[in-house]
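Protein chains in written order, with numbering that gives the first Met the number 0: chain U, 0 to 684; chain F, 0 to 565.
Hints are supplied without guarantee of correctness; some may be wrong.
These stretches of chain F come out as covered by chain U in the derived footprint (C-beta under 8 Å, 3 or more residues) [said to hold, decoys possible]:
| # | stretch |
| --- | --- |
| 1 | 48-60 |
| 2 | 122-131 |
| 3 | 388-400 |
| 4 | 431-443 |
| 5 | 536-547 |
| 6 | 551-558 |
With a straight-line Cα cutoff of 27 Å, these simulated BS3-like cross-link-like pairs (lysine-lysine) come out [said to hold, decoys possible]:
| # | chain 1 | residue 1 | chain 2 | residue 2 |
| --- | --- | --- | --- | --- |
| 7 | F | 164 | U | 506 |
| 8 | U | 639 | U | 217 |
| 9 | U | 506 | F | 20 |
| 10 | U | 30 | U | 485 |
| 11 | U | 107 | U | 131 |
| 12 | U | 485 | U | 448 |
| 13 | F | 563 | U | 252 |
| 14 | F | 512 | U | 217 |
| 15 | U | 252 | U | 30 |
| 16 | U | 334 | U | 506 |
| 17 | U | 452 | U | 394 |
| 18 | F | 20 | F | 278 |
Hint data in this document are derived by calculation from the structure and do not stem from the laboratory. All C-beta atoms in this analysis are idealised placements derived from N, C-alpha and C, irrespective of residue type, glycine included.
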Amino acid sequence: MIPQRRIERRPKSRSLFDSAIVTRAILDSFKKLDPRWQARNPVMFVVEIGSVVTSGFFIYDLVSHTGHPGFDFAIAAWLWFTVLFANFAEAVAEGRGKAQADYLRRTKSDTTAKKVDEQGRISQVPSTALRKGDIVQVDAGDLIPADGDVIKGAASVDESAITGESAPVIRESGGDRSAVTGGTRVLSDQIMVRVSANPGESFLDRMISLVEGAQRQKTPNEIALSILLAGLTIIFLIAVATLAPFSIYAGSKQTLVVLIALLVCLIPTTIGGLLSAIGIAGMDRVMQRNVLAMSGRAVEAAGDVDTLLLDKTGTITLGNRQAVEIIPAAGIDAKDASRVAYVSSIPDETPEGRSIVALAQRSGVDGDGELPAGATFVPFSAYTRMSGVDINGTKIRKGAPDAILNWVRENGGAPGTELSSEVERIARSGGTPLLLARDKMVLGAIHLKDILKPSMTERFERLRAMGIRTVMITGDNPLTAAAIAKEAGVDDFLAEATPETKMELIKREQGSGRLVAMTGDGTNDAPALAQADVGVAMNSGTQAAKEAANMVDLDSDPTKLIEVVEIGKQLLMTRGALTTFSIANDVAKYFAILPAMFATAYPVMNVLNVMRLSTPQSAILSAVIFNALIIIALIPLALKGVRYRPRGASAVLRENVLIYGVGGIIAPFIGIKLIDLILAALHLT
Amino acid sequence: MTTVGWTQAIILFLLVLVFVKPLGSYMASVLSGERTWLSPVFVPVERVIYRLSGVDETEEMTWYGYMFAVLAFSAVGFAFLYVLLRTQQWLPLNPQHFPNMAPDLAWNTAVSFMTNTNWQFYSGESTLSYLTQMAGLAWHNFVSAAAGIALAAALIRGIARTSAKSLGNFWADLIRTCLYILLPISIVGCLILVMQGTPQNFQPYQTVKSVEGFSQTLTGGPMASQEVIKELGTNGGGFVNGNSTSPNENPTPFSDLFEMWLILVIGAGLTYTYGKMVKDTRQGWALFTAMSILFFAALIVVYWAEGAGNPAIHHLGVAGGNMEGKEVRFGVAASALWANVTTATSCGAVNAWHDSFTALGGLVPLVNMQLGEIIFGGVGSGLYAKLMFVILTVFIAGLMVGRTPEFLGKKIERREVTFAMLSILVTPLLVLVPTAVAVVIPAGLATLSNNGPHGFSEILYAFTSTNANNGSAFGGLGPNLFYNITTGTNMLFGRFAEVIPVLALAGALAGKKAVPEGPGTFTTYSPIFVALLIGTILIVGALTFLPADALGPIVEHLLNLQGKTF
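The following block holds chain U by itself, in its conformation from the complex:
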């Protein structure tokens, strides 16, 4: 027995304002003052230039003993704070991701791999020397040296280092559970793995760079919003720059410091300063749900999804169907039918088989669960589509109705049609009909029922309120599919789905302008996952599916997609709300600063000083301070996102307009007045 090293489990969640994160964020805020960094954000870049210029004026005041050094210092300092607060917001948003990345880097220790060459000889090589296509052997207790697919064997694997889930998972060759991730540990058995990623391109590497945000690109909506903000900045730049000659005409020349203060107050610094933090925090919230988004674009697209494709099995229904009814054929005793059904299912280990045993026992069949002596089990195969038991020459079979009918005919029987109406009734109600036969006789029908996952109906209801259409994907026939779709409350269904029909459906939806989201795990799903606007692959799925998708759910929970959609919507709402708030703030700032600027030339303008601010200097300074502090005050909102309840667009809009639009007009009047009162009380102006 190999001694088990304790595996560090990836911490899933951490507080936003963890002290380590905050300390690091404060340092980063200063590093981000680098103009090359600021230049990416036109609004904050203007503020930084303003800070430099006002600082220059302050130094000139000191050296030349002219001007108002105290006032200029205060303005310069608060402008710097404005930039720093915005940097801090971004740094905090990045904080959790950076902490995660640090942890993942520690996981990425170099190991020795057992490489198998063509002759089957094993050589020890460092994991960094492995290339795509190499075959490695991994034994119990070993770390899997690279991403790959299991080509031989099956093993239980501890993936907690990546997923944070401590329960081990089974990985086996063939099928949809063949993918293994480098850095996870095999707990039992031995597997052969074909490496699918070169060093530096592994899932872990991608995960590190994603959570860290190193390659973060602006998303399309972020770019559009930046253009709007840049446009507004130019408009206000024109308004303030022309105010200089206007004030010369009015005989009240303004200092550059005052003009810069006005400019910074008017340009949309609140949203400008928080914009990138909102985007990073959105991706971070997705990560908190244990979903790895390959780009911010994918999260944003999730908010726009119009059509959600959901696999029936595992998402809408529990994976297993249960027998609820055994219907005897005409002239067959019900007890007899139950008994035969029972016997045929004793060795059947599938959940369906076990549910038949349980149902038969409930209806009074005695039995100890042991096959009678001399009986042999005939397992289910995709070819025969039936399973059963042979006892001393008597053959019992249960399976798909058409398969059983053919089998009975082959045995020389002439099955009647009396059960066909029952079979149809079961299918129509959403169940799966099985027929039960013994030699030449059809004995009865078994009704297997899909069991809906609890609370899915309400979720679909919520999705509908959000304007998202749900389409159930199933291999069932249209009758069954229609019945389950109706019971679950999905809007539409695709029956007898094949990878091709699924792809067609996606293309058709996209053709009419809709955005499509889907989940998948199998290699068959890969093309559809790639075609969908939002494709979520299950971590348990194949490597191909994970590569095609733009998100990977580490918990492998297909219903997670719904939460991702909500996060996407929340992300867009937060941007809209803060933009509205930021623009609405300008009304109050005009009323604070304009009368102050012309207090000497036109004392009558004090009528416009509706906030009754104490002095012109205090008015300007209060507006600048409010403008800086509001960024700090809104960081939690930017990081957590505005409250989201799934409702129709008009209800959401009405509420947000009231809070962020009307609130955005009123809040600064109160805030600036309070700051002015404090400044006056402290005799700071």
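Since the structure of chain U is already known, use the hints to place chain F on it.
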């Protein structure tokens, strides 16, 4: 403010309102190339024009094809008018033997009419021959208005079409608009004005002896025909310097009401045209509602300010509203109403001197224009400028419902925001920057007749009016080389710097797919959207000008209250 005054305003509004649907619907048919009841008359004419000009009216144009057609057409029209102004002395129909116009003034005037501005740095009755008035100015009154409507139609098609590359055919839009919309209304309107007493002749000016025994020159000419299109096409350039204050251009209270109706009716009707062409008339009514709210809000202020009068004059014992610069025949209410109508659209015709309004009364026309001529706006231009604000509003507020903002099913993304922003940038840039230059250089102050905040308002108003292609004058500012050139340039860019991004946006939207409306869609016809649209217009459009307005009319008003005048 009086009940009678408000009754006039409400009658005017109701008269406009009842025509929104029938006229809008008719214009939609015309612009969609459908058959109308006037087709039997005009289809043959249309065919002849296409045949003679070699236009294939079925050819679809891309957005830049459309743009080149507009620019080329305008450039040729400009050149034609410029040459006419510079050679009228040698041409027929010049009974008063007026000389050729000076080059800088001719440039200013040609640009002014080509851009639907009709800013006038000259007096028509003492400068222009009948030929220039008819073949030069009236021509542009028709085609510049038709070009505006054509551009609006191109944008509407961009919104309505999906996965399309083209926006229609400019030549067909231009010719159909002239023939089916402008011409029939003008013919009927001209006869109504003649009936009211507006001259329509080719005779030289008549010298008569007045009742007081003085000798007086009465102007004549083809006035009624030009008057009607002056209003209908929101052009505003008067035949005579007195514009609609003069008893020839605006003889009776009925003609006053009729002319205001002409100014508003197409701009208002186009909202319905838009709704019909995008197959959702609620969209059009939402715009009409937003326009009407802004219209009445402005009217309340200007009527109240003029009705309240001048405190300095009240001190002298004269009660009542402000009558300075107003035609006694019309009085305070009709003058305030007209001032609001002419600046809520891009008309610029006047029936009173805005310069003589009270400070706050003068602020209203100024702000109306600073909003970018979007209350009803110029014919066509009002609608497309308004739609730029709609797109901006959709983008800002639409995010709040948690989706990439959509406008009539089309996603508003980088390109759309860029073009809308560019077109909105034009107004602050072209109003504030030239004003800033003018107030600090000697050439800018040389022809200014007032000082202090009032003088400032005069300069600000000139650049606001020319940029907005309004053309109404505050007065008090004389022409010189500096203003001829700067206001001319301003009119040119005010029109075309806005048109180019509008067409680019139309092209971008046309190429998009439209997502069907669902419960998650942000609707652009709800009352809350109307409120948001107005909010965006006021905060983005108006607040930009608050510092400038504060140093002009606002501070002047505050100082007037203390008894200071300028």
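Do the hints match the structure? See the list:
no. : hint            : result
1   : 48-60           : violated (count 0)
2   : 122-131         : violated (count 0)
3   : 388-400         : holds (count 8)
4   : 431-443         : holds (count 7)
5   : 536-547         : holds (count 8)
6   : 551-558         : holds (count 4)
7   : 164(F) - 506(U) : holds (22 Å)
8   : 639(U) - 217(U) : holds (19 Å)
9   : 506(U) - 20(F)  : violated (40 Å)
10  : 30(U) - 485(U)  : violated (57 Å)
11  : 107(U) - 131(U) : holds (18 Å)
12  : 485(U) - 448(U) : holds (14 Å)
13  : 563(F) - 252(U) : holds (22 Å)
14  : 512(F) - 217(U) : holds (24 Å)
15  : 252(U) - 30(U)  : violated (37 Å)
16  : 334(U) - 506(U) : violated (51 Å)
17  : 452(U) - 394(U) : violated (36 Å)
18  : 20(F) - 278(F)  : holds (14 Å)
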